[in-house]
Amino acid sequence: MHKTLKKYFPVFVVPVLAAFLVSFLIPFVMGIYLSFTEFRTVDASEWVGIKNYISIFTQDKTFLNSLWLTVKFTVVSILSINIIAFSIALLLTRKLRGTDFFRTVFFMPNLIGGIVLGHIWSLIINGILGFFGVDITYDPSYGFWGLVVLMNWQMIGYMMIIYIAGLQNIPEHINEAAAIDGASPLRTLFSITIPMVMPSVTICTFLTLTNSFKLFDQNLALNGKSAETSLLALDIYKTFYDHTGLRLAEWHGIGQAKAVIFFLLVAVIAFVQLRATERKEIEQ
Amino acid sequence: MAAIQFRNVAKRFDNGKVTVIPDLTFDIKDKEFVVLVGPSGCGKSTTLRMIAGLEDISDGELFIDNKKVNDVAPKDRDIAMVFQSYALYPHMSVYKNMAFALKLRKMPKKEIDEKVRWAASILEIEPYLDRKPRALSGGQRQRVALGRAMVRNPKVFLLDEPLSNLDAKLRTEMRSQITMLHKRLQTTFVYVTHDQTEAMTMADRIVVMDKGVIRQFDTPQKLYSEPADMFVAGFIGSPRMNFIECMITKKKDALYAEFADHIMRIPASKSKGLEKYENRSVILGIRPEEISAYSGGLNVQESCVINAKADIAEMTGGQVNIYFELGESRCIACVKTERKISAGDEVKLLFDCNSAHFFDKETTKAIACV
Numbered sequence: 016m017h018k019t020l021k022k023y024f025p026v027f028v029v030p031v032l033a034a035f036l037v038s039f040l041i042p043f044v045m046g047i048y049l050s051f052t053e054f055r056t057v058d059a060s061e062w063v064g065i066k067n068y069i070s071i072f073t074q075d076k077t078f079l080n081s082l083w084l085t086v087k088f089t090v091v092s093i094l095s096i097n098i099i100a101f102s103i104a105l106l107l108t109r110k111l112r113g114t115d116f117f118r119t120v121f122f123m124p125n126l127i128g129g130i131v132l133g134h135i136w137s138l139i140i141n142g143i144l145g146f147f148g149v150d151i152t153y154d155p156s157y158g159f160w161g162l163v164v165l166m167n168w169q170m171i172g173y174m175m176i177i178y179i180a181g182l183q184n185i186p187e188h189i190n191e192a193a194a195i196d197g198a199s200p201l202r203t204l205f206s207i208t209i210p211m212v213m214p215s216v217t218i219c220t221f222l223t224l225t226n227s228f229k230l231f232d233q234n235l236a237l238n239g240k241s242a243e244t245s246l247l248a249l250d251i252y253k254t255f256y257d258h259t260g261l262r263l264a265e266w267h268g269i270g271q272a273k274a275v276i277f278f279l280l281v282a283v284i285a286f287v288q289l290r291a292t293e294r295k296e297i298e299q
Numbered sequence: 003m004a005a006i007q008f009r010n011v012a013k014r015f016d017n018g019k020v021t022v023i024p025d026l027t028f029d030i031k032d033k034e035f036v037v038l039v040g041p042s043g044c045g046k047s048t049t050l051r052m053i054a055g056l057e058d059i060s061d062g063e064l065f066i067d068n069k070k071v072n073d074v075a076p077k078d079r080d081i082a083m084v085f086q087s088y089a090l091y092p093h094m095s096v097y098k099n100m101a102f103a104l105k106l107r108k109m110p111k112k113e114i115d116e117k118v119r120w121a122a123s124i125l126e127i128e129p130y131l132d133r134k135p136r137a138l139s140g141g142q143r144q145r146v147a148l149g150r151a152m153v154r155n156p157k158v159f160l161l162d163e164p165l166s167n168l169d170a171k172l173r174t175e176m177r178s179q180i181t182m183l184h185k186r187l188q189t190t191f192v193y194v195t196h197d198q199t200e201a202m203t204m205a206d207r208i209v210v211m212d213k214g215v216i217r218q219f220d221t222p223q224k225l226y227s228e229p230a231d232m233f234v235a236g237f238i239g240s241p242r243m244n245f246i247e248c249m250i251t252k253k254k255d256a257l258y259a260e261f262a263d264h265i266m267r268i269p270a271s272k273s274k275g276l277e278k279y280e281n282r283s284v285i286l287g288i289r290p291e292e293i294s295a296y297s298g299g300l301n302v303q304e305s306c307v308i309n310a311k312a313d314i315a316e317m318t319g320g321q322v323n324i325y326f327e328l329g330e331s332r333c334i335a336c337v338k339t340e341r342k343i344s345a346g347d348e349v350k351l352l353f354d355c356n357s358a359h360f361f362d363k364e365t366t367k368a369i370a371c372v
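Protein chains in written order, with this note's numbering: chain E, 16 to 299; chain S, 3 to 372.
To be clear, the hints were calculated from the coordinates, so they are not data collected in a lab.
A couple of the hints might just be wrong.
[Said to hold, decoys possible] Which residues of chain S face chain E? A few of them, derived with a C-beta cut under 10 Å, are:
hint : residue
1    : D73
2    : K77
3    : D78
4    : I81
C-beta: ideal position from N, C-alpha, C; glycine also.
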């Protein structure tokens, strides 16, 4: 068996490896290379060194604004999504009537695509703001909070399912032992329940962090027109496609450099977050 | 230290549709070690959980230390509980697990430390105080669970099948450790098990339950020698008691039990209550260990010699378990014999009527108790 596996190992591995190389690794390496060039197409590039990276902070005024907005958005989203999702999960694991129905209802927004969601919420928010004679582009904070509401609406159901799985993993006897030990429900929540669902917290924080940081289509559909409410991913997209004319190659290079910085930020933050929450996880 | 009283306690689930305990009334004395025993689903754990306050009482009254506790929260009942699954907090060290309840009571740190170390030294878990539960063996975890209960110095100790997850050797060790703990702490212990050996070896008194009803509540010795009915007789003792249908007949002034071509004179001490069963069928119960190998030369007037064919013979060291058919009953005898007995061998077995029990065929109650 082992010998046969060894013999046919390349047959099984090569297709996957080839797909990985062609669709991920080569574009990734080329992307890093292109961030040091000015290019119109991939094979028509001119090496410019770190000029693009300098231009991001000197020439391009939108990047830092988008970065700050993305950080704010990510922090608010992580907190609101996880707190609300965990609270709903707590309620829906109380063996109350109709919990299965509500689990389905809360999960449903997650099945709708980002662009569609963005347009739906654009209609809703603009409909409400219309009563006051303004729309979502009137104030950047409208766009920001609109995006937060949208993201919460979409992600809470998904995170709730993960938290429910975590909560159901806590043996009933543990909660009973805490009740006999004299722990109040609040104390049980903070001293027993939350530490015991840390694996779920790790997963949910990771997912909300990366999804919030990388948010693009909802942002494009909801308030993509406004430069002040463009998150990083949308800002990179705009750097590539909102410019025309002679300096197109230069903007492509700057956009590519932004994408590399974007990748590094997501990777570093996700890694730090995983290490931090994993340390708090427990083995049972 | 507290007595526990059940007064017509009932427990129903599913909005009253399923009755697990119809009507329970019994008293547990202060400092007593009472074991609730019975087959799975008999309601013993539910009874224990009602004492703990983890299950509501549907009807009746429950008193702990003369205080009605029907609506008292578990934390206010001054009880401690040891669970079958240990229920240790996996993210806390052994020390923190044991100190948790004391910390919640805002006990000074120094006092908590003293109590935890006192319990740990008794249970010999001092070297593991900094470890997390996952780094402990099953026996060590169970000792931590006991320690967590001990430090509370509760009025009542509740133990829900605490040894079920341990291997046989460890179970025997822990059994004696819990018995010693009871003697040392001088507290009321209520212990749930389905293992009758645990019940017999540890209890001051045993509650034998079946389908939510107490079949008998007595000392281990009484349960063994004077079972109230066939259920108790069959449940207590291992291997279980043999039950053989027999006819009660009267010849001259003596009563006889006739079964499967055998006749056995019933001694006067056992005849009381049996007279009204003359010419009627009753159930004769005899424990496997009260059947002996017949070697001849005995006065067998109140005994009878059975010629049996061993279907299975199990050598268990000091004795042989012989399985055989007697009429329509399948019986087992645990006999001490020098002779090597194998399956298919003919053996002569001696039934001693002085150690026999008689049960009413319809009610299954012991005839002396009818």
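Hints and how they fare:
At its closest, the beta carbon of S/D73 sits 15 Å from a beta carbon of chain E; the interface hint therefore is violated under the 10 Å criterion. With 10 Å as the threshold, the beta carbon of S/K77 comes within range of chain E, its nearest partner Cβ sitting at about 4 Å, so the hint holds. A cut of 10 Å between beta carbons decides the hint on S/D78: the least distance to chain E is about 8 Å, and the hint holds. Checking S/I81 against chain E: minimum C-beta separation of about 7 Å stays under 10 Å; hint holds.
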